[in-house]
Amino acid sequence: MITDDEAGFAEFVAARQTALSRTAYLLTGDHHLAQDLVQAALLQAAKHWRRIHTSPEAYVRRAMYHQNISWWRRRRFAESALGGHDDAAPAVDTDLRLTLDQALARLTPKQRTVLVLRFYEDLTEVETARTLGLSTSTVKSTTRHALGRLRTLAPELAELIGADA
Amino acid sequence: MTTPPDLGLRTSLHRVADAVEPLPVADDLWRRGQAARRRAQALVVAAVLFVLASLGGVVTLVSSDREVRTASTPVVPGGAIPSRITDPGDLTLEEDLALGRASVAFLSETGRPVVVGATDGRYHALALDDAPEDDGLLALSPDGRHLAWSNHGRIRALHLENGTATFFPRNDEHVSVATLAWAPGSHQLLWTGTDRAGGRHGGVLPAGDAFGGPLFPSALRGIPSPSGDLVALSATETGPAALFFRRAGKALDRTLPADLYPDGATVRPLGWTERHLVLADVDAPPGSYVEGRHLTLFTSPDRPDSEWTYRIVMRDVPDVASLSLAVDLVPDLDGTSSQVLTHDFDADARSADQRDISWLIGLGVAAAIGVLLGLRWLWRQARRSR
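Quick mapping for you: the protein sequence lines, in order, are chains A and B. For the record, in the first sequence the residue sitting at position 146 is 146 according to our numbering, with numbers rising by one throughout. For the record, in the second sequence the residue sitting at position 196 is 196 according to our numbering, with numbers rising by one throughout.
Pulled out of the complex, with its shape left as it was, chain A reads as follows (with noise of 0.2 Å):
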């Protein structure tokens, strides 16, 4: 027999998997670490259901974000790093998604994450700070970089981004 709360859990788990899955592939560019780090999400919102069972998808959200900075913080340095810093990723690939995908990937998760919250989750510079615990200055210098370095990563990209955004 299960509980309510469990059952309240399991609804909130089918109804936003797919949408909460779209968000992390963004934050991460890999399949398996967005699964991983939806997982962690929710395995977090079921510890705490009690408390943000009227809310969850803003906390489970919120912990994506954090997560996915605090794993990339602890990778880094395990990693090797990849190619030229700007160097511009080869277009080989003609399909747009596929570039835009490439791009982001050259992006740090910091640039990554706060284009997501502003471009996909449509949020204002303002939310944004709040949601990551930074400065709306730090969101506005942040956005313009990453913007800067799709355009250099991705020259075909520049229609879209904008040469002012």
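Worth flagging that the hints you see were computed from the coordinates, not collected in a lab. These numbers come from a predicted model, not from an experiment. Even for Gly, the Cβ is constructed at its ideal location relative to N, Cα and C. Some hints could be false.
[Stated by the list, open to error] If you want the footprint, here are the derived chain A segments under chain B, 3+ residues with CB under 8 Å: (1) 2-10; (2) 40-46; (3) 61-69; (4) 129-138.
[As the list claims (entries may be wrong)] Reference excerpt, derived from the structure (chain B facing chain A, CB under 10 Å, subset only): (5) Ser-12; (6) Glu-21; (7) Pro-24; (8) Val-25; (9) Arg-32; (10) Ala-40; (11) Ala-42; (12) Leu-43; (13) Ala-46; (14) Arg-380.
Position chain B against the provided structure of chain A, taking the given hints into account.
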């Protein structure tokens, strides 16, 4: 609000995201989450219990009587003379008189009979029956197991190991008692005083655990040596020598070191530590190498000068009355000047205090960590209830 060019990026991000095929998540997330929650709660409960236990321990340590704490100081097996004697002031009188062997006894400045534990160096003020008053005397036996006292002609002897006392009522022979001393062996209590007619009188009381051997009448003039051949006398005036009597009545001097006491000193024997060694309470006038009241150990004059020794055992003896020591606790001399004849119980107490402080610091840090964990838990509970 996003600008029109951002809409292109936003649309592209959604396109990337929509193409993602979500991988399944584990179906035991709920169970694992609840197990983690129970572990966290158990940790909080353990932390709170630890804090309570720590606080209890700290309170116990802080509120404990210091003397009780020093009771846990290292014990000297068999006992020792303390390296320092102090007047403890107004100690609480103890009713339980079975304190065990003592090393020192005296009447404090407040007139309370005080003994020092032989093995732990602790001070005890004793609630004695008919405690010695103005003209009262106190005398600790050489083995430290018996404490005798007199008050208005009444003499009592307490067995410090079992708390029982022997009473010798005032009688025609001892209307008042002037001196009280133990003979070597701790079996015989020597007293002198005045009888009902006002004449000088003296005698021997069987106050120890066994009967002692016969004593010469001269023994009553001071403290007889273990062999009975010599009696160490108390001087009433400052002089260049310690005074002795042969049992036949011939006086002997034991000259004091002139370099230590150019103006002489007053010597009051406390007992014989060996057949030819006397422990004495010496008071030297200003200008002496060792000024004031101190304890010394020196060879009796029946030995050749070449064998003489003179050791300062303790300096700065306080101005307490009826000071007596368990002289049997002074170790036999080994012939070296570096031999330590007393034990520094204060150092033991200091090291015990340092251990106490270390414990307090440790417990304090643990308590602080526990309190922080508890506050974190309370904060989270408060957030949960909002």
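Checked hints:
Coverage of a stretch by a chain is defined here by at least three residues with a beta carbon nearer than 8 Å to that chain's beta carbons; for the segment 2-10 of chain A and chain B the count is 3, and the condition holds. Three residues within the 8 Å Cβ limit are the bar, and the segment 40-46 of chain A against chain B gives 5, so the coverage statement holds. Residue count for the segment 61-69 of chain A with a Cβ under 8 Å from a Cβ of chain B: 0. That is fewer than the three needed, and the coverage hint is violated. Coverage of the segment 129-138 of chain A by chain B is violated in this model, with 0 residues showing a Cβ closer than 8 Å to a Cβ of that chain against a need of three.
Proximity of B:Ser-12 to chain A holds as hinted, the smallest CB-CB distance being about 5 Å (cut-off 10 Å). Using the Cβ-Cβ criterion of 10 Å, the hint placing B:Glu-21 at the interface with chain A is satisfied: the shortest such distance is roughly 8 Å. Checking B:Pro-24 against chain A by beta carbon gives a least distance of about 8 Å; that is within 10 Å, so the hint holds. Interface restraint check for B:Val-25: the shortest CB-CB distance to chain A comes to about 5 Å, inside 10 Å, so the restraint holds.
The criterion of a C-beta within 10 Å of any C-beta in chain A is met by B:Arg-32, whose closest approach is roughly 6 Å, and the hint holds. Below 10 Å, beta-carbon pairs count as interface contacts, and B:Ala-40 has one with chain A at about 8 Å; its hint therefore holds. The restraint placing B:Ala-42 at the interface with chain A is violated, with a minimum CB-CB distance near 14 Å, outside the 10 Å limit. Annotation: interface hint on B:Leu-43 violated; nearest CB of chain A at approximately 13 Å, more than 10 Å.
Of the supplied interface hints, the one on B:Ala-46 is violated, with its beta-carbon coming no nearer than about 18 Å to a beta-carbon of chain A, more than 10 Å. For the restraint placing B:Arg-380 at the interface with chain A, the shortest Cβ-Cβ distance is roughly 8 Å, inside the 10 Å limit, so the hint holds.
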